[in-house]
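Please build the complete structure, drawing on both the sequences and the hints.
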Amino acid sequence: MKKQWIRLAVVMVGWMILLLFVVNSRPVNQYIAGAKREAVHADLQLNDDEELRQQIKAWAKERTEPPINARLDRVWKAIPGYNGREVDIEASLDKMQRSGKASPEQLVYRQVNPQITLEQLGAQPIYRGNPQKPAVSFMVNVAWGNEYLESILDTLDKHQVKTTFFLDGSWVKRHPELAKKIVQRGHEIGNHAYSHPNMSRLSPEMIRQEIGKTQQIIQQVTGITPNLFAPPSGDFNERVVAIAAQQFHLKTILWTADTVDWRKPPLQTMLNRVNKGLGKGSLILMHPTEVSMQGLEQMILSAKQKGLVPTTVSQVISSQRLDTP
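Numbered by UniProt numbering, the letters in the sequence shown go through residues 1 to 325 in order.
Keep in mind the hints are simulated off the structure, nothing from the lab.
On a predicted model such as this, the values are computed, not experimentally measured, just so you know.
C-beta: ideal position from N, C-alpha, C; glycine also.
Among the hints, a few may not be true.
[To be verified] With beta-carbon atoms standing in for the labels, derived distance ranges:
id	residue 1	residue 2	range
1	V75	W144	25 to 33 Å
2	Q132	K304	28 to 36 Å
3	Q219	A58	30 to 38 Å
4	S200	P66	35 to 43 Å
5	E177	E105	46 to 54 Å
[Stated by the list, open to error] Straight line, CA to CA, 20 Å or less: simulated EDC-like cross-link-like pairs of lysine to aspartate or glutamate:
id	residue 1	residue 2
6	K162	D258
7	K304	D154
8	K101	E177
9	K304	D323
10	K158	E50
11	K280	D323
12	K95	E51
13	K158	D49
14	K101	D88
15	K57	E90
16	K304	D157
17	K61	D73
18	K77	D258
19	K306	E290
20	K181	D154
21	K158	E147
22	K304	D235
23	K181	E205
24	K61	D49
25	K264	E238
26	K180	E150
27	K264	E290
Encoded structure:
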């Protein structure tokens, strides 16, 4: 009889240990926590509008992000602002009532503009987007390299990426069909002067001619009037930036990181260089060269692995958020 009681006690202790293990296991805890959350959300659906509104306000406090003003930086010059976001309380309430679900995933956001915009900084060169914006642009300056353009366009299409091509005016005049093809593939077009001069060495009249002739030929060939200007070789001064802005309504664009592809570096050397400069708001300079053609896919993939969206220069330097309509 005594042995039976001992066996029974051992069995009961074993069941208690097993029960404790099951209750405290991660899947069970996750299930219980999820059930509690669902119960909270379900209760909110059953209560009146005011209780749900208060819950939305509580969620909103944790998810509101203030806007960032545009500013002038000693190194990077004009840095664009970045919109904040806030929860639209009434729109969120309406959405939850219509869907029958009450959770943070149902919140409706709206963007909040900065008090100081890029335009308010005046005529300044731009080297990058806002360092909080998860976007990057692989901008292409085109004055030669026709043999690599088709492959570059195909790679961009493959990864559903739109970027910005800065076109030399004399190149557009010689190769109008290629210029049209770039536009037809959905890419942004910028001005790269007419004859690839050192812009800082030109008189005001010659600066106007270089920019103006290119604006005219691009408009005639593609129907597009650019609003971005990339000075050849990155050579410029305040006069160039001022004339581009005041007389042609063009923003002067430089770069955050350079492939230096025109020097024909080894592919891995170029990729390493780009990867170091690949971050939020980066503008990556490239040309239609063999090494950039070979490395473009990996550069795009590297950007995406870092959580960055490859897009046009205009999108990168815009204050618009990518995560909020």
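Is K181 within 20 Å of E205, Cα to Cα? violated, 32 Å
So if I understand the rule, the pair passes when the alpha-carbon distance is 20 Å or less; does K158 with D49 pass? violated, 48 Å
Is the straight-line distance between the alpha-carbon of K304 and that of D323 20 Å or less? Status holds; Cα separation ~15 Å.
For the pair we were handed, K304 and D157, check the Cα-Cα distance against 20 Å. holds, 15 Å
Would you mind confirming whether the straight-line C-alpha gap from K304 to D235 stays at or under 20 Å? violated, 31 Å
Given the hinted pair K95 and E51, is their Cα-Cα distance within 20 Å? holds, 15 Å
For K180 and E150, compute the direct alpha-carbon distance and say whether it is at most 20 Å. Measuring from Cα to Cα gives roughly 12 Å; hence the hint holds.
So does V75 sit 25 to 33 Å from W144, Cβ to Cβ? holds, 31 Å
Against the 20 Å threshold, does the CA-CA distance of K57 and E90 hold or violate the hint? With Cα atoms ~10 Å apart, K57 and E90 stay inside 20 Å; holds.
Taken at face value, is the distance from the CA of E147 to the CA of K158 at most 20 Å? Holds. K158 to E147 sits at ~19 Å (cutoff 20 Å).
Check the hint pairing K158 with E50 against an upper bound of 20 Å on the C-alpha distance. violated, 49 Å
Distance restraint between K61 and D73, which requires alpha-carbon spacing of 20 Å or less: violated, 31 Å
Taken one by one, the earlier hints fail for this structure at numbers 2, 3, 8, 10, 13, 17, 19, 22, 23 and 25, listed in ascending order.
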